[in-house]
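S.K.: Given chain A's structure and the hints, the job is docking chain B onto it.
Here's the letter readout for the chains.
Protein chains: 2
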Amino acid sequence: MDVITTVKEMKAAVKAVKSRGETICLVPTMGYLHKGHTDLMRMGRNLADHLFISIFVNPTQFAPNEDLAKYPRDFERDRALCVEAGVECIFHPSPEEMYPAGYATYVNVEGITETLCGRSRPTHFRGVTTVVAKLFNICEPDVSVFGEKDYQQLAVIRRMVRDLDMGVRIVAHPTVREDDGLAMSSRNAYLGADQRTSALVLSRALAHAADLVLKGERDASKLRKAASEMIASTPGAIIDYVEIVHPDTLQFVDFIDGSAVMALAVKFGTTRLIDNTVLRTIG
Amino acid sequence: MDVITTVKEMKAAVKAVKSRGETICLVPTMGYLHKGHTDLMRMGRNLADHLFISIFVNPTQFAPNEDLAKYPRDFERDRALCVEAGVECIFHPSPEEMYPAGYATYVNVEGITETLCGRSRPTHFRGVTTVVAKLFNICEPDVSVFGEKDYQQLAVIRRMVRDLDMGVRIVAHPTVREDDGLAMSSRNAYLGADQRTSALVLSRALAHAADLVLKGERDASKLRKAASEMIASTPGAIIDYVEIVHPDTLQFVDFIDGSAVMALAVKFGTTRLIDNTVLRTIG
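Those protein sequences? They're chains A and B, same order as listed. Those letters in the first sequence? Residues 333 to 615, by the numbering used here. Those letters in the second sequence? Residues 333 to 615, by the numbering used here.
Quick caveat, the hints were computed from the structure, so don't treat them as lab data. Hints may contain errors.
Copies of one chain are not kept apart here, so a pair can be met inside one copy or by any two copies together.
[Said to hold, decoys possible] Pairs of lysine to any residue, SDA-like flavour, derived with a Cα cap of 25 Å: (1) Lys347 / Leu544; (2) Lys340 / Asp474; (3) Lys547 / Lys557; (4) Lys547 / Ala569; (5) Lys340 / Pro425; (6) Lys554 / Ser591; (7) Lys347 / Ala417; (8) Lys557 / Pro391; (9) Lys367 / Arg411; (10) Lys343 / Leu379; (11) Lys347 / Phe584; (12) Lys340 / Arg501; (13) Lys347 / Arg604; (14) Lys547 / Ser560; (15) Lys340 / Leu486; (16) Lys481 / Gly434; (17) Lys347 / Thr337; (18) Lys343 / Ser565.
One chain only, chain A, in its complex shape:
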């Protein structure tokens, strides 16, 4: 398995693959890999001739008050997991390699980045779309896999790819959960034991809302209230948002008609977790 740290070498590796008419799947990550990532990689391995992943803690998607410096990193462990998952090449650039002095260009998706997580993290998605556009230009993937856990990110990237006519197919992987239901996230490492227990309320609240929909509830405000009350009554849980949105446009919906997405963000101490589920009127 290769580890490549410069854009130039990565482009050369990509060119070699493309000149043989072979295809690339890219799984972009910020490292500190867990089963959520390795499941994405296993899926990606079957979607193209070559599986590349990127490991880059992208500074432009963190606000100054966020956890960039303390974001968990363990490259040697990540490397071992990649070998196991059949990754052929890790692109692992430095921040200076990706954003050299004088850097000035940003890709921005309007509208759907201003709701949900975009409200409390107003520059976050601009950083995500910018780095993903760069990674796509560098790695020229035919297909790229993103987790549904970051539902808004997935919708924003799909929108960018469609709008800018990028030649990459975006494939979604269902949220990978711990046995007890907690959505896997590198940020779970921040949780103390009590917070870890409290955080189970997220998946439970989502499951409860989905169940109410199957039982006939269609009123989004009642569903939000039911989920919010469960969360608010849990020790240490501070709600950022609990919303129900259209699956593509992410616009708030008043009634569930067919399918909608319940998305939430909740803080436990300084750790902000997100989760979501599709609410379907037919099971």
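M.R.: Quick look at chain B alone, frame taken from chain A:
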């Protein structure tokens, strides 16, 4: 010569070329072609195996108060000029094809887009970089030619390509001028006979400044004053800006050291013309 109007067909044409390992040069235009464009095309023909051009009057680079609706168009004449210039394929999409309902993604270069033309046209370059990013993703050119007449546009596109790691080489073509020195522009068609005569002051003022530099003048404010006075004393000429900037960063310079660019924008009636020249301390 092919005329292609949909993104899908254009991508298929590009894929066919790429699968043979052949290269593409793209010359993006807004049509109403003149010798400035056809000179770019002739240059482009020698830079790659295939010469594609785009003809698209891009709505996102016009502000609501600008000349989108009346921008000159003559596709049949353009088509004939393209055949003559050895173009193999014209990409000629509709605005709806490029910006379908729900379109939301923009590429923005910060800093160098906020000076010169960006000051009086604050959304212009965002439209340019967005459409050029789209055209590059659709046509996958190995090389693309831009005219130096739109100096800031050239600098902005170079910055975008470098920042987003796009795999295209940007080649500049020197400004093509009428015999009397007027820089060629589709917007020259708007000029009345008197305005056409007055507009000659632009190239003359630039030549005068360049001459003063060769004679030893280094003070940017004196050079700007000399050029501005020539223009201001010309009937019907209303100065938007006359500036001297660093060739890459477009930051204002106080003294000419090596080389700098004098750039200007001047209105004649409702027609806004731009021109520029490099000021060099050594001829």
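S.K.: For every hint, state whether the structure bears it out.
M.R.: Hint check results:
no.: 1; hint: Lys347 / Leu544; verdict: neither (52 Å within a copy, 49 Å between copies)
no.: 2; hint: Lys340 / Asp474; verdict: both (19 Å within a copy, 16 Å between copies)
no.: 3; hint: Lys547 / Lys557; verdict: within (16 Å within a copy, 78 Å between copies)
no.: 4; hint: Lys547 / Ala569; verdict: neither (27 Å within a copy, 73 Å between copies)
no.: 5; hint: Lys340 / Pro425; verdict: within (11 Å within a copy, 33 Å between copies)
no.: 6; hint: Lys554 / Ser591; verdict: within (16 Å within a copy, 67 Å between copies)
no.: 7; hint: Lys347 / Ala417; verdict: within (23 Å within a copy, 31 Å between copies)
no.: 8; hint: Lys557 / Pro391; verdict: neither (35 Å within a copy, 44 Å between copies)
no.: 9; hint: Lys367 / Arg411; verdict: within (14 Å within a copy, 56 Å between copies)
no.: 10; hint: Lys343 / Leu379; verdict: both (21 Å within a copy, 21 Å between copies)
no.: 11; hint: Lys347 / Phe584; verdict: neither (43 Å within a copy, 40 Å between copies)
no.: 12; hint: Lys340 / Arg501; verdict: both (24 Å within a copy, 14 Å between copies)
no.: 13; hint: Lys347 / Arg604; verdict: neither (40 Å within a copy, 44 Å between copies)
no.: 14; hint: Lys547 / Ser560; verdict: within (19 Å within a copy, 76 Å between copies)
no.: 15; hint: Lys340 / Leu486; verdict: between (28 Å within a copy, 23 Å between copies)
no.: 16; hint: Lys481 / Gly434; verdict: between (34 Å within a copy, 24 Å between copies)
no.: 17; hint: Lys347 / Thr337; verdict: within (16 Å within a copy, 29 Å between copies)
no.: 18; hint: Lys343 / Ser565; verdict: neither (51 Å within a copy, 54 Å between copies)
The structure does not agree with the numbered hints 1, 4, 8, 11, 13, 18 stated previously, though it agrees with the rest.
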